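Starting from the structure of chain A, add chain B with the ligands where the hints point.
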Amino acid sequence: MKFLLEYLQKIQNKNGFISESDILEASKQFQLSPAEIFETISSYEKFNLWTTSEKVIKICDSPICHSKGGENLIKLAEKLLNTKIGTYNKKFIIESCQCLGECDKGPVMTINDELFTNLNEEKLKQIFKDQKLI
Amino acid sequence: MLVTIDGKKIKVNKKCTILELATKNGIKIPTLCYHPDLRSDGKCGVCVVEVNGKLMTSCNNDISDGMIIQTTNERIIKQRKINAQLVGCNFEDEEEFRKWLKLSNMPDIDELKFKPHASQELDDSSHDIVMDFKNCVLCGRCIQKCRDIQTVNAICYKGRANATVVTKSLGKKLIDTNCVGCGQCSLVCPTNAIREKESYKEIKKLLKDPKKHIIAQTAPSIRVALGEEFGLEAGISVTGQMVSALKKVGFKKVFDTNFGADLTIMEEASELIERIRKNKDLPLITSCCPAWINFIETFYPEYLNHLSSCKSPHQMFGALIKTYYAQKTKINPRDIIVVSIMPCTAKKYESCREEMSVGGIRDVDFVITTRECAKLIKSFNIDLKLEKKMQFDNPMGPGSGGGAIFASSGGVMESAIRTAHYFLTGKEYSAIDFKVLRGNSGFREASIKIGNKTLNLAIIHSLKNARKILEILKKTRHKYHFIEIMACPGGCIGGGGQPKPTSKEIIKKRAKASYEEDKSLEFRQAHKNPNIIKVYMEFLGKPLGKLSKKLLHTKYSDKSKCGL
Ligand code: FES
Ligand code: FES
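Protein chains in written order, with our numbering: chain A, -19 to 114; chain B, 323 to 886.
Chain B with its partners taken away, still in its complex shape:
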C-alpha cells in the first residue's frame, strides 16, 4: 500500500490505523479517548485528520491504498478545538480541563462555551473507588474495562443523545452493585472522574503524632512502577530511593512486603501439599488478590472451598507486625499503625474486613495506592530520583526473590512450586526459572513434575479469564491441581492503583524489572530466607500450625447480591 502522509509518501505492508501510522512516523496527533489496550470507538473526535480532503477520526480508521492524509491545518485544528470543547463541557474546573488538554497534546482552546448537560451526585459509597462524574468526558474506557475485560458490569451508560451519562449499574450506589474494587476503571480514566478513595492525607496528619509508631510496607510491584510517577521511564526499579523517601516522609520503619509474600508461600505451599495428600478441595486456588476474592464471593460462591485460606501477603505481614514485632520491640500494638503501599484499590476494602483483625486489632490500618504514595512523597517536596539508596528495615528484613516476583502474573505460582518442591522432595527444583510459567497470555496452562507426581497448573489474569476457568471447573472439577488467579491484566504490576498510563507495553517493562530483582537477590526461595526461618523458630512454630492458622489464615463468605 502506498500512503501519503503530510506530503511524505510511505510504503506500508501491514494494515494499521491512521493514528498508528502517524505515530510510527513521528507525527503527533492529539488523542483523548484512545487507549492502546482498548478498542477505539472514535468517541471524542479530537484525533481528526483530513483524508482525501474529508475529516475523519484517525484512531479507529484503517489506512488504505492511495490515501492522502493531512494531519494538521487550520480546518483540522478548528474542528479539534470544537470537539474538545464538546467532550469537556462537563468539566467544572476550567483550569483542570486545560491542564488535561495539554497532557493530551491538544492545542489550547479559547473558551469553554458549552453548558454541562447532565449532572450526577458524587458517589463515595464504596471502600475502594470514588466516582465523581462531573469531570467525565464519556470516553467509555472504564465501561470497556469493566464489561469486556473484567466481565463485572458494575458501570454502564444511561440515556441517549446529549443526556448520555456514565453511571453505575441500575443507577445504584457503587457499593450496591457488583463492583469488585479492582480499580481498572480508575486506571484508564483520563480525567480522574473515577479514582481511588484517597487516604494519604489522613496518614500525613498521623505522621505528625509522636506517640504513634507508623510503619510502611511496600508491595513487590511498587518499586518497579513508582519511578514513573517521578518522570522515570517504565521498568526502572527504585527500591532504595523509595525506602529513603518514605523515611524522610516520616515513617518510623519501612518494611518489605516481599517478606509477607514469603510467609504466604510457606503457608500456601504447605496447604497445597496437604490438599494433594488428602485429595481434598483440589484445585487449590490462590487468594492473594482481593478483587479476585470479591469476584468469587459475589459471582461463584459455590467454589469458595477451593480458595487457599491464606491471607494476602500484606495482611499476614500486618498481623505479624502487630504481634511478633510488637512483642520484640515492646511497643503497644495499639500504638502501631501499619500503612500498606499497594498497587491495588481493592486492598482498601480488604484491610477493613472483619476477618482481617485479631483480637480487635486490625492487621493493616491504611492502604494507599502507588499513585497516592507518589502524591504523599511529592507533598513533602521530595524528588525520588535524587534520593540515595537505602535498605529495608530489619528485623523482619528483606524478602526472598520468590516474594519479589509476586508482582507479575505467575509469580505466586512459581514461588509456591519452588517451595512445595523442596518440601516434598527435600531437593531444590533444578530450573529455578520456571520458564513455562511465565508469559503474557491471560490464560496459561502447564504441567510440572514433582517427584513422581505431575501437577496440572493454570495461571490466570483478568477476570474474564477467571470466569472462563470457573466455567471449565463446572464441567471438570479435577482437571487442575493448582490455579493462580489475579484480577488485573498482567497481575499486580498492572494493578488498578498503579501509575497512569498503564498499557501492555508498560506492564511488560515492569515485569522484566521485577524478574531482574528476583535474580539479583541472595535468596530466591522463601524457605531459604533466614529471616523467615527465624520467625517460624522464634514465634510461629510451623506452617499451618496453631498460631499460623490464627494469624495468617482467613475465611470467606457468600456475598452474591442476587446476581445484580
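Chain A with its partners taken away, still in its complex shape:
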C-alpha cells in the first residue's frame, strides 16, 4: 500500500483500534520510526490507539464544541462515571479530543466510532445509560 493513512484506516476499520504490533509492522513497511507513526495516529481523532477498555469515549473539546457547552459536558461525564478525563479501566476509557469536523452539530462525542450530536446534560445521561456505562 502506498499511503500510510489508508493503511492505518484499514486496520482501524477491521479491528476498531490500532495496536502496538500494527505500529511496528507499519514502521517496517513505510520505513518510518514507530514514533513517527504514533505521532500521525495521535493527530487524527478517528483513530483509536490500542486499548484494553471495551468502550472508547471521546468528547470534543475544541473551541466550537467547548463554547457550545462541551466544557460542562466533560465535567458532567467525569461526575457521572466517577473518573477523571484521560483515565481508563477495563470497561471504558474517556478522553477529550480535538475537532471532529462536526462543529455545526456540536457539542459532540463518539463512543467506539459512533457519533452523538447536539448533546446536552439530559442526552448525555441517557446515552451513558443506554451504553450501560451507568
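Hint data in this document are derived by calculation from the structure and do not stem from the laboratory.
For clarity, every value in this text was computed on a predicted model and none was experimentally measured.
Any given hint could turn out to be false.
Stated by the list, open to error - Heads up, simulated DSS-like pairs for lysine-lysine below, C-alpha to C-alpha not over 25 Å straight-line: (1) K456/B <-> K64/A; (2) K495/B <-> K534/B; (3) K26/A <-> K346/B; (4) K697/B <-> K570/B; (5) K435/B <-> K55/A; (6) K796/B <-> K8/A; (7) K574/B <-> K652/B.
Just chain B with the ligands now, kept in the frame of chain A:
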C-alpha cells in the same frame, strides 16, 4: 539586495534570515525556540518583526530585496508578549518562567493569563534523563535532535491543536523506548523540562561522611567547558581552578580521567594490532562512548563483535582506583567512593551496568555531568574564576596529551594510532598531529601508513552518521580497519551533559582548547606516560594480560527491544 532595517539601509550579498541579518548588525531580537544548529520552525513567535508593515517571524524568514524591516515598536512588543504567554502556559512556576524570559532577551510580561492545556506525569524511569513536561514550551528542539541528528526517535509529538504535547515514543515510559541516553535533548531544552537525572545532592551528603574516601575524576572535556558555567567565554581551559574548587568542595583526591584514557589507548592499540594480525573482527570499533554502545546494542546487535572490548576510560580508571590504589594506600575499597565528572548523561547508566563491577564492587559509584558539577561547586559559594591553580593528585598522576584529546571527535583514533604505530614499528610516527584525522565533519575517512601496512580509518560523530557507516558495513564489511564513533555531535565536548548553550561555534572553541592542552603536555603519547608504565610494571602486567582483561575489559549484549 538592499534591505532597510530599523531605518538603516544595508546592502546584503548573501541570503540569510532576518534574524541573522539583525544579529550581524548588532540588533537584538528575542528568541525562544530558535537554536543556531537546528532548523527554525518558527514555533514560538516571539521573534516577530514587522516586514513592510506585516508581522512576521524573523528566525525562519529570509530577507529579500527591498524589504523594510522594523524590529521593535509597540505593536511588535505586544504581540511578543502574547506569544510568550501562550508558549509559557504550561509553566507551573511563574517566577521560573520570568527568569527564563529574561534569559531570552524578552521584555517582562504582565501576567500569565492562559491556562495549562495538557499535563503529563513526571517520568524518571530512565537512569540518565528525567522528563518533566510541565515546563515544556513545545519548541520541538529535542525532537529534532532525537529524530534528525541522532535517528533514535525516542520522543515525539502527540495530539493536535492545543492538545499537542511532547511525549515519549508510543506514550511509553522512557526506559521502555529506544532512548540511548545521549542527553542531546537535554542539551537543547530551553527550560529544563528535559534534564539529567541529578545525583550531586546525594554526593554532597556523602562528602560530609568522614569515614568515606571520596575521589573525583574529571573527564578530558570538562576542563575546557566548565568555565562557561561561571561566565567565562567558551574555549578557556580551567584545569587548575577546577582541581582546586573540587578540593574545597571536599573531595579527598582529584584524579585526571586522562590517565584512564591512556590506559584505554594501551589496551585498545594492542587490541587493534592483535585483530589485524589475526585478521579477525575487523573493523575494530571504539567503545568509549556509552550512548553509542546503547545504540549498537539496541539497533545493530549483529555488529557487537566489532566493538572493542575495552571499558570506557573512567570505568577503567575506577576499577584501578578500587584495586591498585586501594592496595597501595591500604584503604578498604568499600570505603572508597568514585565520582566521575563527565560531559555525558549516558555514563550514568553505564556506571550502573552489572558488567562494570568487579567482585561486587562497582568501578564507579556516581556520575555527574558538567552542569551538575557547576551546581555542586556553586552550592559551596565558590567562584571558579577566583580559584588558584592546583595540580591533579598523584600517584595515579596526570595523563598524557594522547588522553587529553579524547575530548573531541577523532581524538581516540589519533591517540590509538600514535601508540599502535609505536608498538608495531618501535618508532614514533613523525607527524604527531595527524591533521588528516581532525576536522568538524561528522563523517571523515583517512588512510594512514604504518610500516608497510595501510590502515583505512573512519571517524564518526552524531548517531545518524553511525547509522550511515553501519549501513555501509552491511555491504562491505572489510572496507575499514578501525572506526571511531561518538554519539554526540563534536564528540564529548558537545556531550549531552555539557553547559548550555552548546552550538557548533562553541564546540569548535572547546576543541581548540583541548588540542592546545595536548600540545602543552610533556608526554603526548600514552605509552610514554611514566605513570602508565609504572602501573603496568607494578600491577597490571601487560596490555591484554590476565589482570587487564579482568579489570579493564567488558562484554556487550543484544538489547534490541523488537525495534521500538
Ligand atoms: S469543535 Fe467539536 S466537532 Fe468541531
Ligand atoms: S524564535 Fe522565531 S519563532 Fe521562535
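Okay, the hints, checked on the actual structure:
1. K456/B <-> K64/A: holds, 19 Å
2. K495/B <-> K534/B: Violated, at about 35 Å.
3. K26/A <-> K346/B: violated, 48 Å
4. K697/B <-> K570/B: holds, 14 Å
5. K435/B <-> K55/A: Holds, because 22 Å separates the two Cα atoms, which is no more than 25 Å.
6. K796/B <-> K8/A: The hint holds at about 18 Å.
7. K574/B <-> K652/B: holds, 15 Å
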